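K.L.:
Chain residues, written in single-letter form:
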Amino acid sequence: MTYITKPKFRHPELEQNARGFTRRDYEGKVSTLCAGCGHDSISAAIIQAVYELDLEPHRIAKMSGIGCSSKTPDYFLGASHGFNSVHGRMPSVLTGANLANRDLIYMGVSGDGDSASIGLGQFAHSIRRGVDMVYIVENNGVYGLTKGQFSATSDRGSRSKRGVVNHDAPIDMVALALQLGATYVGRSFSGDKHQLVPLIKGAIAHHGAAFIDCLSPCVAFNNHEGSTKSYDYVREHNEAVNFLDVITGRAPIKLDQEAGALAIVEQHDGSTLRLRKIHTDYDPSDRVGAMAYLTERAAAGEIVTGLLYVDPNAEDHHDYLNTVEAPLNTLDSEALIPSASALDKINASLR
Amino acid sequence: MPATITEREGESAGSAIITNDFVIKFANVNGSGSASANSLFAKCVLRMGVPIAARNIFPSNIQGLPTWYEVRVSEAGWLGRRGGVDLMVAMNPQTWAEDVRSIGPGFYLFHDTTKPLPPSMARDDIHVIGAPLTRICNETYADPRQRQLFKNIMYVGALAHLLGIPTDTVERLLQEEFAAKPKLIDANLHAFHLGRDYAQSSMAPIRLRLSPADKVGDRIFVEGNSACALGAVYGGATVCAWYPITPSTSLAEAFTAHCKALRTDSESGKAKYAVVQGEDEIASIGIVIGAGWNGARAFTCTSGPGVSLMQEFIGLSYFAEIPAVIFDVQRGGPSTGMPTRTQQSDLLSAAYASHGDTKHPMLFPADPTECFEMGALAFDLADRLQTTIFVMLDLDIGMNEWLCAPFAWEDGKRLDRGKVMTRDDLGAGIDFGRYLDVDGDGITYRTYPGAHPNKGAYFTRGTSRDRYARYSEEGAVYTDNMQRLLRKFDTAKSLVPAPVRRDAARRTPYGVVYFGSTTPAMHEAIDALERQGRHVNALRIRGFPFSDEVFDFIRAHEQVFVVEQNRDGQLRALLINEGGVHPTRLTPVLHYDGTPITARFITAEIAGQMKSIETMPVSD
Amino acid sequence: MVFEKVAAVYSADGRRSLKPTGEPDEHYECDDVLVAVGQENAFPWIERDIGLDFDQWDMPKVDPVTFQSSNPKVFFGGDAAFGPKNIIWAVAHGHDAAISIDKFVHGQSVEDRPPPMVTLVSQKMGIHEWAYDNDLSNDVRYKVPLVDKDVALKDVRTEVELGFDRKLGYAEAQRCLNCDVQTVFSAPLCIECDACVDICPMDCITFTENGEEEALRARLNAPAHNTTQDLYVSETLKTGRIMAKDEDVCLHCGLCAERCPTGAWDMQRFTLDITHADHRCQQR
Ligand SMILES: Cc1ncc(C[n+]2csc(CCOP(=O)(O)OP(=O)(O)O)c2C)c(N)n1
Ligand code: SF4
Ligand code: SF4
Ligand code: SF4
Ligand SMILES: [Mg+2]
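Residue numbers (our numbering), protein chains in the order written: chain A, 17 to 367; chain B, 13 to 632; chain C, 1200 to 1483.
Simulated from the structure, these hints should not be mistaken for laboratory data.
Note that the structure is a prediction, hence the values are computed from the model and not measured.
Backbone N, C-alpha and C define an ideal beta-carbon position, used for all residues, glycine too.
A hint or two may mislead.
When the alpha-carbon atoms are kept at most 25 Å apart in a straight line, the in silico PhoX-like pairs for lysine-lysine are as follows [stated by the list, open to error]:
{"#": "1", "chain 1": "B", "residue 1": "Lys-467", "chain 2": "A", "residue 2": "Lys-24"}
{"#": "2", "chain 1": "A", "residue 1": "Lys-177", "chain 2": "C", "residue 2": "Lys-1366"}
{"#": "3", "chain 1": "C", "residue 1": "Lys-1342", "chain 2": "C", "residue 2": "Lys-1323"}
Partial list, derived from the structure: chain B residues whose beta carbon lies under 10 Å from chain A [said to hold, decoys possible]:
{"#": "4", "residue": "Ile-29"}
{"#": "5", "residue": "Phe-190"}
{"#": "6", "residue": "Tyr-246"}
{"#": "7", "residue": "Gly-248"}
{"#": "8", "residue": "Gly-441"}
{"#": "9", "residue": "Ile-442"}
{"#": "10", "residue": "Leu-448"}
{"#": "11", "residue": "Val-450"}
{"#": "12", "residue": "Gly-454"}
{"#": "13", "residue": "Thr-459"}
{"#": "14", "residue": "Pro-461"}
{"#": "15", "residue": "Thr-472"}
{"#": "16", "residue": "Ser-476"}
{"#": "17", "residue": "Tyr-480"}
{"#": "18", "residue": "Ser-484"}
{"#": "19", "residue": "Leu-507"}
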């Protein structure tokens, strides 16, 4: 980690987005993670994505559990409210926050221990409920903060830094998310911002439960030979099915790729996902196909990345609950307190 | 003048007519449809203007196990359990022995005479009466389900005749109940008359009577859970997250029903509330805390096991200072304990919930009226104190219909959102430190996420931080914060409901403290003790942290009885711990068998204690 | 005080002179008037027949590297050589002229000048400890405190600039950009984790495909427009990409090296040991 604050100096030609913010305006406190930790790169990707989407930082709420990964919300979007809750329970806190104010964008950041072990239940249920959120698991295959124990996403046969072999079967969070009904599912790698940044942008623009499994090497405990979550291993086995461009607003859509290799998906909020396909027969609108393909490639030892599934017309938890348009936290006494006469009626019915 | 329990105590066979003062108990089988018949009976008595206290005693199972419904009829207005049974409607062969045993000498056993009583069960000091309910039913109905259902209405009919319930009262109640399904009115009435006619033609009169009185007034008959839920609606709660657990489930269900009626936007038909059935209690409190953090009023309702699961989050709420409301409808612990029985045994686990140094305010409603009031108040307190507020009721209040004062609300009352810095405050450049105690009351200002484009954002965490919410594990910074939290807890003393004092007619060195569902039985016991010439001043505690008044009261008495429904004297422990009270001053009076405490029990305990204190050799 | 308005006019030979514009004079009320007197270089006293050539501005012709005039025995430096600059330049001129003179008197060619000595020393001491002070201050330049105006005006010999006191001097020194500390990259150590890219406040570092310089400059995280400053480009990395760094905007803050998990970046202090006019500058 570095402990001095990042100088305010910035590149003289640093561009501003439509809100008049530079990318640097979306930074947070100085990270306390290990030098080279993949999680810091994901923070940088989040900053880039939010900057490119011209979002106002105060319209975003950052939520997390406990772990190295869960610390990161302090290190990006310093002008956003953040909530570092308890281990494995980010999804419920996020769900509650989202119920209280449907107008904010909810960014849930978690780790593989946080979400695949202690918080597996909450992960599953928040996805099931279709909470409108971006749920990012910074997946390093270990418990970083407690010093390198295997996590539930560690692959069978992978070796720890001390040489211990993991015998337990791994949980594939992408497969789970698909099965649980997530309406936007992606996987990426902290070392590939070209793929990751648009994936996050698409997730933010998505209305519904968006889940991203982001491989994020732990340089301290899981970046050695024998690990299946190291920079080298992930690079060697990464099988991208597509690359994404997210186009918001009026920007024209350039078609510089042959038809068939390009898919255009219009999302609920008017944003457009422009998918450059690497595997032309991969169809990200086919949930069952995606699950089958993932299982097949995983068996072949490949890590499939890209936008794996999207339902552009998804609904969210509020749609299901039929809540009013106005955020619940803005309803005043007038709107919330029934009259004394309504109470009299209730009294009368109880005699 | 109505009879009182002291006069009646130990009474055996006599011939005097007893009017409007007896206990009738229905022993049924769970799932047999007896609940609506029993409730019909209770409502009939109320409609006659005679106060009742009704209690369900039911098992943790859906079908087949014993369940009882006890109705205490008391024109004098005693609403606690008296103890003892004057008329046992024994409809459950499973519990014959204990049901027969519980009848007071000289009183009545009513049974289904289709089958003769087993001779081993007979007692010769009681009156055995009955009607061939099954036989009449089998002759009348072909469908076995109907046979079972109408058997219950039939005994109501028989009782109506024996006790003197006017038929038109029953008719009116059935019409109200089945307004939407008129066919059922006639069917029920038919069964009612079958029973009534049988009693009229074939049963001898009994000594117990009901007679119209005008003692109910405008009081309502309602469950505490429903009242809490209604309080939550009036208290502005918009988010409810819960996980089913007896005896709290009906609170969430009632909230949903009340909201549907009262909180549906008339134009759009959309909900101005959100109810989520969580995957467990941890998720439920997590949702509540997320919503509270984001400025919505949120609550969960649960019981002991749920509170155990919520511990970590409750600590977060305490330390990160996030408003939350938990309705703890207490049941018999520990572990799964007696899940459908009542106790006041979560006091300690709620007061000090979570690891590290934590304490949480608690409110103790004594009846559904207070459930409503405190149910609403809890949300103002949670916002003002920015912490978890427990509303501690129990199965007795929560799941039984209580006769209580009608709910009252003043139009124009506003939600008190506590210290919140608005967009304007922030824009005006007021210094914002999330944990900065500007007023000296330990309560700091918070901002809602998204309040201002570039001011007022902070990072909420369960780790130690300074006054400006910046992470710090420096000893001085940590203790500064912990001390402020104590100051805040001190402020809470003046915000929770004040205790209610009832002084004896005479000066006395004896005091008694009690709370919650013990209240009606306590009042009756005080009255009974007074008749024995034993005087006690009484203080009903309604909130934690305890105000100075509580400790002044204890100091002002030589001996203070602490009456509560748990084994370990949890209220007493709290008093000792929080007020430095010497343990010998506080005499525990404990009732914890899972049934609601009775006036007879309290009277006997306190009288016994007083006797032994009075005869104790004086030491020098 | 009355001011006549003038404008700068350049003659055919590029000489600048100030000519009245003909506009009306302007009058300013003031309490005091301080007259600043400038000086001009002029060498009317140098004989024009001693083999010393003068240029169109009547200044001696001087070699900008050796500081030798057209008369090999005469050397110029400072204001006398190229007109007014500051004292730092003048000292540097003296240094180089001294080398020229040393070589000249030893009968060697003044053109043949040995280069200065250069050393690079790693500054890394611990995880985030450096042998140099890398914590940059964001402060803007501090003003040098001045003597009170009333005092200054009373006596023309008063020292007006008071200089920095200890505290201010320290604060001002914190603004140093450590130009002497260089980022040095070692390609074989790099695991391409992006940590340096993410932390760099100036967007200096890019990992990308190699290419022609012009295209590469445009492809960087922040385009490098100053073509007089070379890009720092690594050899090919594991993924086939290269690291390209725009040196032009680097703050030498060392954050890239602090964040680098493998030590692929190092911060090294660059020391320039200038050539001295003694035996070391002689041909051996
Ligand atoms: C209830 C509870 N149990 C255990 C811990 C200790 N703990 C802190 S972080 C962590 C694991 C984090 O792993 P992961 O989510 O993968 O995050 P990473 O550090 O790898 O990013 C554990 C077990 C805790 N904070 N709370
Ligand atoms: S321990 Fe691993 S996960 Fe944690 S900060 Fe260090 S590198 Fe990152
Ligand atoms: S020294 Fe600082 S400015 Fe220069 S490349 Fe490294 S991080 Fe960037
Ligand atoms: S931080 Fe180091 S290892 Fe990582 S990309 Fe930069 S130079 Fe390479
Ligand atoms: Mg991990």
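K.L.:
All hints are to be evaluated individually against the structure, with a verdict given for each.
P.N.:
Quick rundown of the hints versus the structure:
| no. | hint | result |
| --- | --- | --- |
| 1 | B:Lys-467 with A:Lys-24 | holds (19 Å) |
| 2 | A:Lys-177 with C:Lys-1366 | violated (49 Å) |
| 3 | C:Lys-1342 with C:Lys-1323 | violated (33 Å) |
| 4 | Ile-29 | violated (28 Å) |
| 5 | Phe-190 | violated (15 Å) |
| 6 | Tyr-246 | holds (6 Å) |
| 7 | Gly-248 | holds (4 Å) |
| 8 | Gly-441 | violated (16 Å) |
| 9 | Ile-442 | violated (17 Å) |
| 10 | Leu-448 | violated (17 Å) |
| 11 | Val-450 | violated (20 Å) |
| 12 | Gly-454 | violated (22 Å) |
| 13 | Thr-459 | holds (8 Å) |
| 14 | Pro-461 | holds (3 Å) |
| 15 | Thr-472 | holds (4 Å) |
| 16 | Ser-476 | violated (12 Å) |
| 17 | Tyr-480 | violated (12 Å) |
| 18 | Ser-484 | violated (13 Å) |
| 19 | Leu-507 | violated (19 Å) |
Against the hints set out earlier in the document, violations occur for numbers 2, 3, 4, 5, 8, 9, 10, 11, 12, 16, 17, 18 and 19.
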